[in-house]
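Residue numbers (the numbering used here), protein chains in the order written: chain C, 1 to 356; chain A, 1001 to 1503.
If you are wondering where the hints come from, they were derived from the structure by calculation, not from laboratory data. All figures in this text were calculated on a predicted structure; none of them were measured in a lab. Keep in mind that the hints are not guaranteed to be accurate.
[Stated by the list, open to error] Some residues of chain C that are not near chain A, with every Cβ distance over 12 Å (derived):
#: 1; residue: D36
#: 2; residue: M104
#: 3; residue: V113
#: 4; residue: L116
#: 5; residue: A156
#: 6; residue: A160
#: 7; residue: G169
#: 8; residue: V187
#: 9; residue: N203
#: 10; residue: V212
#: 11; residue: P250
#: 12; residue: A293
#: 13; residue: T294
#: 14; residue: Q297
#: 15; residue: A299
[Unchecked claim] Among the chain A residues that face chain C by a calculated CB cut under 8 Å, a handful are:
#: 16; residue: A1308
#: 17; residue: P1341
#: 18; residue: G1348
#: 19; residue: V1349
#: 20; residue: D1352
#: 21; residue: F1353
#: 22; residue: E1357
#: 23; residue: L1361
#: 24; residue: P1362
#: 25; residue: L1364
#: 26; residue: D1365
#: 27; residue: R1368
#: 28; residue: G1372
#: 29; residue: R1373
#: 30; residue: L1374
#: 31; residue: L1440
Positions of the beta carbon are idealized from the N, C-alpha and C atoms, including for glycine.
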Amino acid sequence: MTSVPTRVKTTLSFRTIGAVYVWLAIVVLFSVWAPDTFPTAVTVKQVLNGNAVAGLVALSVVPPLAARVFDLSVAYTMSLTSVLTAHFLVSTGLGPFTAIALAMAAALLVGVVNALVVVVLRVDSFIATLATGALIQSLITMVTNDSSITGVQLLAKPFASIAQLDAGGITLPVLYLLLAALAIWFVLEHTATGRRLYATGFNADAARLQGVRTDRLRFATLVASALLSGFAGVVFASSVGSGSPTAGSPYLLSAYAAAFVGATQLRAGRFNAWGTVIAVLLLGTGITGLGLATSAQWAASLFTGSVLIVALVLTGGRIAVPTVLRRRAGKLPGPAQPEGSTDDESRAVPAGGTRA
Amino acid sequence: MTGPLLRVAALSKRFGATRALTDVDLEVAPGEIHALIGPNGSGKSTLIKILAGYHHAEPGAVAELDGEPFDLSQVAASRHDRLRFVHQELGLVGELSAVDNLALRHGFARTAFGNIDWPEMERRTHALVERFGLGIDVRRPLAAATPVQRTVVAIAAALQGWEGRRGVLVLDEPTAVLPPGEVARLFDIVREVRAAGAGVLYVSHRMDEIFALADRVTVIRGGRRIATRPVADLTPRSLAALMAGEEMDTDHRPPSSPATGDPVLEVRDLWAGPLRGVGFDLARGERLGVTGLVGSGHEIVPYAVCGAHTGRVNGRLRLTERSTRWTEARDARALGLPLVPADRAAEGVIGDFSVGENLTLPLLDRLRTRSGRLRRRREATLTEDWINRVDVRTAGRTARITTLSGGNQQKVVMARCLAQRPPVLTLCEPTAGVDIATRLQLYDLIERQADQGTGVLVSSSDTQDLLALCTRVLVVRDGRIARELSGPDITESTLVHAMEGTE
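One chain only, chain C, in its complex shape:
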């Protein structure tokens, strides 16, 4: 058993929560750089409210990534639900609850299709979800003709409240983000399912031999990511009051950046909920600060990209890359090595051994 002081030291070490220290450094930096605009309550609200949707999308990719599945369709799923909610509300004239339910049903369908292609048809998830993303985009274009759907129904009370109700300037989506993070954290850290998800991600063959139903878990993560990113789309539609056919696109890079930076935090090497939330806030704060200090358009992407590279370099590439990029060349098909074959060297005869 480790003693309490040691544990506190480990918990607060730069290795464990480096991003928090970097975040604090950024806060200090921008407070000095833009002393009039940055260190204000307005900025705090802006960072929190403005990144809640980004945080939801980032969290949506965490469960699949834990099982080493890439869901690149989340951005499209988000666009789809934002557009569908707006469409059902404005063009079809349905009530807000029916509209949301139908949009979420579409997200569920996306998740099931993704899972079928990846798990049942065994297409590499990286490519498969890129492809289904294109399919979703075509569906979006069909519904919208590539223009945003706006209408008074989107600005009316019950629907607008979903994202705009606030307490002291902090809007509801921040609460959704916390609840989603709490749920994902609980499942990954405190249930057998979470442990099995990580086992699936780290070594699917070994996990399967231990009775883990790896296919079923991967299926579930893809459905979960579609539902969560779909929900982010509904929240987005409510917060901006329109259904945009490209609502999700800007969120894809930041979601993966946050998930990968998050995986370097708290539980190094494991994609996890709170690490991802910290990373979203770090990226959000940096981008907001750069916006206030320089008002340069290019600063946001520059910052996201740099943080991602630095975080991944610091962890020495310990985090997974998609199988499709990792696949070893040169392995010939044909009679495989039998399971029993072992390397001679690994069983070198001990000194003085007489038998081989």
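Fit chain A to the known structure of chain C by using the hints.
Same frame as chain C, but now just chain A:
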């Protein structure tokens, strides 16, 4: 007759405390196929890896190629231009054609404009492979070629730029990946290489190949050269005797009384991979070994019994204490027997997990509340308990499993199986990559488990495992049980003779 083409003398190699090779001498003459034979773990591969420059030898080793000395005591990208290797995995890129694969090693021909001169490349490749026959299409990806065609391309790639000069071609178990029908054609090709005046060092552990092909044979066992003899002076029996070391049998510890209990596991007519109709009973408390040469199918038996074999499986199984009904072998997973798999890194442990997480992975259902929450404290107690019981040397249950030695990782894998209190413990190569001290601990652990009434099924190609552990051994040859040995009949020599089919 000139001197030897390749001469190696006083070659030794240590890995930490273990001696892989001790004072090994080897000579390959021009126009000779020299076989290197020895059981698993004898040091064959280490010797080849030193020659290839992958490992370095201990200082003092002497090596000459055609009279020119070269250095074995440092790791080099390639040893000598005239020492060429065809490794077991062939080292080819399956997506590329024969032309590309050959060019990868020796460069592309270029036209005056600097682009690749494809007709010239094809002509060159054709010239290299055509003398072996087989009608290889040099432009098609190798993945579409037959195994023997790929082997030929690998040999051609090794031989290119070598014409007219004398060198040594090293073939490391080239038939391991060939279907039986294609072995004879490979032999013709090897003879052709010999006819050109080269020396061939042919590594194998199959005696039939030695007698079909080789001129001389060097036997190594336990890292020492046991003998070098002309093949004509040997019979399969006498060669097997050299390999097995008949005189070593005396220190085999007497097996405890063979179990006579009721069968706990019955297997009938099992077909999987190379296995064709294997059946046996395993008694309570019995320690049953399954062995054979690599490729015989023995290593598949535990996988098939646990429902972990990935290919097609046919047959019937019955766990007598669970049910009187037979289970189809393809549904064997439902019986839930735990397996200690052969490849610890790939199938056994999850490298990114801690010791504790590895240990409890199959036990999680037992460790949760009704609401699904994991009982962390109970998990910790369980882990600590098993770490103590099987004596895992670790910094703690939260240490990453890969910080443990191979032997201690194996103890964790074993503990994980035992914690499931299985009626049958199935193991595949249980001591692969495990040092001698830990090996004895593992034997002890298995023995104690059997004494408590668990049936133990262990597949191993390591005769030491079988001698130390088993009360009965089934020897699999060509997918069938060729021999059954029990009690005092289990000796190194009976095992080797039975595996090779030279009784």
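Tested hints:
Every C-beta of chain A lies more than 12 Å from that of C/D36, the closest at about 47 Å, which supports listing it as non-interface. The claim that C/M104 is not at the interface with chain A holds, since no C-beta of that chain comes within 12 Å of its own (minimum 24 Å). For C/V113, the requirement that its beta carbon stay farther than 12 Å from each beta carbon of chain A is met, with the minimum near 27 Å. Look at C/L116: its CB is around 22 Å from the nearest CB on chain A, clear of 12 Å, so calling it non-interface holds up.
Once the 12 Å rule is applied to beta carbons, C/A156 is consistent with being away from chain A; the minimum gap is 39 Å. With a minimum CB-CB distance of about 36 Å to chain A, C/A160 clears the 12 Å threshold, and the non-interface call stands. The Cβ of C/G169 lies farther than 12 Å from every Cβ of chain A, with a closest approach of about 35 Å, so its non-interface assignment holds. Look at C/V187: its CB is around 9 Å from the nearest CB on chain A, not clear of 12 Å, so calling it non-interface is violated.
Not every CB of chain A lies more than 12 Å from the CB of C/N203, the least distance being 4 Å, so the non-interface label is violated. Here C/V212 does not stay apart from chain A, with its beta-carbon only about 7 Å from theirs, under the 12 Å limit. For C/P250, the shortest C-beta to C-beta distance to chain A comes to about 32 Å, beyond the 12 Å cut-off, and the non-interface label holds. At the 12 Å boundary, the C-beta of C/A293 stays outside the reach of chain A, the nearest C-beta of that chain being 39 Å off.
Here C/T294 stays apart from chain A, with its beta-carbon at least about 40 Å from theirs, past the 12 Å limit. Non-interface status of C/Q297 relative to chain A is upheld: no Cβ of that chain comes within 12 Å, the nearest being about 40 Å off. In this structure C/A299 is separated from chain A by more than 12 Å, as the shortest Cβ-Cβ distance comes to about 35 Å. Given the 8 Å rule on beta carbons, the hint for A/A1308 holds: about 5 Å separates it from the nearest Cβ of chain C.
Against a cut-off of 8 Å between C-beta atoms, the interface hint on A/P1341 holds, since the closest Cβ of chain C lies about 6 Å away. Interface restraint check: A/G1348 against chain C, minimum CB-CB distance 6 Å, threshold 8 Å, status holds. Annotation: interface hint on A/V1349 holds; nearest CB of chain C at approximately 6 Å, less than 8 Å. This hint holds: A/D1352 has a C-beta 4 Å from the nearest C-beta of chain C, less than the 8 Å allowed.
With a least beta-carbon distance of about 6 Å to chain C, the hint placing A/F1353 at the interface is held under the 8 Å criterion. At about 7 Å, the closest approach between the beta carbon of A/E1357 and any beta carbon in chain C falls short of 8 Å, and the interface hint on this residue holds. With a cut of 8 Å, the hint placing A/L1361 at the interface with chain C holds, because the nearest CB-to-CB distance is about 5 Å. Using the Cβ-Cβ criterion of 8 Å, the hint placing A/P1362 at the interface with chain C is satisfied: the shortest such distance is roughly 4 Å.
Proximity of A/L1364 to chain C holds as hinted, the smallest CB-CB distance being about 4 Å (cut-off 8 Å). With its C-beta approaching chain C no nearer than about 7 Å, A/D1365 sits inside the 8 Å limit, and its interface hint holds. The beta carbon of A/R1368 is positioned within 8 Å of a beta carbon in chain C (closest approach about 5 Å), and the interface hint is therefore held. For A/G1372, the interface hint holds, the least distance from its beta-carbon to any beta-carbon of chain C being 5 Å, beneath 8 Å.
Annotation: interface hint on A/R1373 holds; nearest CB of chain C at approximately 5 Å, less than 8 Å. Hint status for A/L1374: holds, given a least beta-carbon distance of 5 Å to chain C, under 8 Å. The interface hint given for A/L1440 is broken, as the beta carbon of that residue sits about 11 Å from the closest beta carbon of chain C, more than 8 Å.
Hint check: violations occur at hints 8, 9, 10 and 31; the rest are consistent with the structure.
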